[in-house]
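Using the hints provided, position chain B relative to the given structure of chain A.
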Amino acid sequence: MKNRIVSRPSSVFWILLVLSVILAGALSLLAGPMDHPPEWVIMRLRLPRLLLALLAGSALSISGSVLQSLLRNDLATPYTLGISAGAGLVAGSVIVSGLIVPVIGLVAAGTAGALLAVVLVYALAYRSRRGDYGPTLLLAGITMNLVGASILLLFEYFSDASRIMEIVRWMMGDMAVIGWGKPLFLMPPVILGIAVALTRTGVLNQISQGDDIAHTRGVSVNWERNLLLAVAALLAGSTVGVVGPVGFVGLMVPHIMRRFVGSDYRYLVPASALGGMLLVILADSLSRVIISPAELPIGIVMSLIGGPFFLVLLLRGGRRKQEDNPG
Amino acid sequence: MSALSIINLNAGYGNNLVLSDISLSIVPGEICGLIGPNGVGKSTLLRSILQIGVDYSGEISICGSRLSSLSGNQKARMVSYLPQNFNPQSRLTVAQTVLLGRHPYRSGWALDSEDDLEIAEKCMLETDTWDLRNRVFSNLSGGEKRLVLLASALAQEPELLLLDEPGSSLDFRHQLNMWLLLKKLSGRGIAVLVSTHEVALSGRYLDSVLVLSDGRSRAFGSPSDVFTTEILSEVFNVNLLVSHDTANRSWVIVPEMEQ
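These protein sequence lines map, in sequence, to chains A and B. Residue 1 is where the first sequence starts when you use my numbering, and the numbers rise one by one after that. Residue 1 is where the second sequence starts when you use my numbering, and the numbers rise one by one after that.
So here's chain A without its partners, still in its complex pose (with noise of 0.2 angstroms):
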């Protein structure tokens, strides 16, 4: 037998993480503040949530993990770009002035906002400078970002009390669901974008080596680059219209993924994928469980549980680094 001259994620690796999915899955059925919930409580209410939790999971972290390879850079979110903060705005806005819409056009207005501002970003850096434009892109990202969330807050601040009150909740990550509409009509574009990301998967791998190399790979660079920004917006546009900016799913699973499986995006992305789904579902039943019968919003379960948790996985990742490193 000739020896592997590279690792390949176990398969023992695959079947423990689709497991701990589907355990948390049946937790969260679980949780909540009835010991016996009637029929109708799963079937309408926490069934339809988890299934949102599901799509919402895979759908951040595999447009983090997208952004990564396209950015060259391990720290890209969908929040670097400004697409949360365009989806935001856009989604935010629809909030706001108080129209009654329909799921879809929540998704419709958080696919569009993130579009735009994937649009506006590159253009703004492409414009700027030939070549490289890896740095420019970033900084016109947080830029949007930033803009978007003050152009929001203004919004907020000119609008009446019971407004406010459903766009804050909304900005901290609102998975309640009532009935099937929500993640029905977030399925159709997660899964078009999932299917595409798991496509484009060596060409992923390409892009991260860089745009000449991968150009002489045989890959149409600009062509590809344009397909999976729009696949990143689409994926984290239409999620952050439903449930709001949830924050820190793109940023962290991916990167806790990496360590188990490297950063071959041909295992990263189903890897983040499910990682993204099993975050997700165990930070809305904690949500569900930490102070009831009432809720917490789950943005804000994930940055307190989740921030201190990656700030020690860094700390411990910074050390190893030192010593792999010979120099």
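Hints in this document: simulated from the structure, not taken from any laboratory. Please read these numbers as outputs of a predicted model, since none were measured by experiment. Heads up, the beta-carbon is just placed ideally off N, CA and C, and yes, glycines get one too. Treat the hints with care, as some may be off.
[What the hints assert, rightly or not] Short derived list, chain B residues pointing at chain A, Cβ under 10 angstroms: (1) Ile-7; (2) Ile-26; (3) Val-27; (4) Tyr-81; (5) Asp-112; (6) Trp-130; (7) Gln-156.
[Claimed, not checked] Coverage of chain B stretches by chain A, computed from C-beta distances (three or more under 8 angstroms per stretch; other residues unrestricted): (8) 69-78; (9) 85-96; (10) 99-105; (11) 115-125.
[Claimed, not checked] Short, incomplete list of chain A residues facing chain B, as computed with Cβ under 7 angstroms: (12) Ser-11; (13) Ile-15; (14) Arg-72; (15) Ser-150; (16) Asn-205; (17) Arg-217; (18) Gly-218.
Structure of chain B alone, referenced to chain A:
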């Protein structure tokens, strides 16, 4: 049939013309050097062959096929490239990085085949990077990164290999090994076009040299024809002393003492 043929190439970026009226032909197994001062257009010449962001007119053919008639994938199976720009922060391992060179030979989702693994192993052994195979790319030294990328370029199994200053940031041993490796590859029939500033060292290994000056071809021929005090001093705009030891096939090139 020539591996690379360039006829009357004018190339540049937008309105900024960098190269004019360059013609060049390289046969399989030939190592051709590109020599010239910084910014003279050596990289631009390589990049117009690869069609990376350069506007050009003129005719470029690879192995008898015109560039415009080839798809990106077809080209990727014939030509590979060791660039100066790459992502030094890549977190892939060395073995994974080398395997990425197999991309033009597979479709979409494919995992690495036994063939891919064997070819990658061979390329790593040849480039002296086998012992690095489990290291993370971003943790390597600059010279090691060059060698790993060369291994991945070889994994593309090219007919024509383009290298943009491959020896920069390599130590003596690795520089020498790089040239010996190029010699070995040319022995297999691979045509090599390499831009370099190691003029003296390259003289021993190059079959032909194109000297560029002000975006034009200043001289073309074998190293013994071209590496002369007159040509090199003029092109680099420095008074150089060039001495050629024909017995050892080696050159010594030093600047004259300042007055």
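- Task: Any hints from earlier that this structure breaks? Give me their numbers in increasing order, please.
- Result: Going through the list in order, the structure violates hints 1, 2, 3, 12, 13 and 15 and respects the others.
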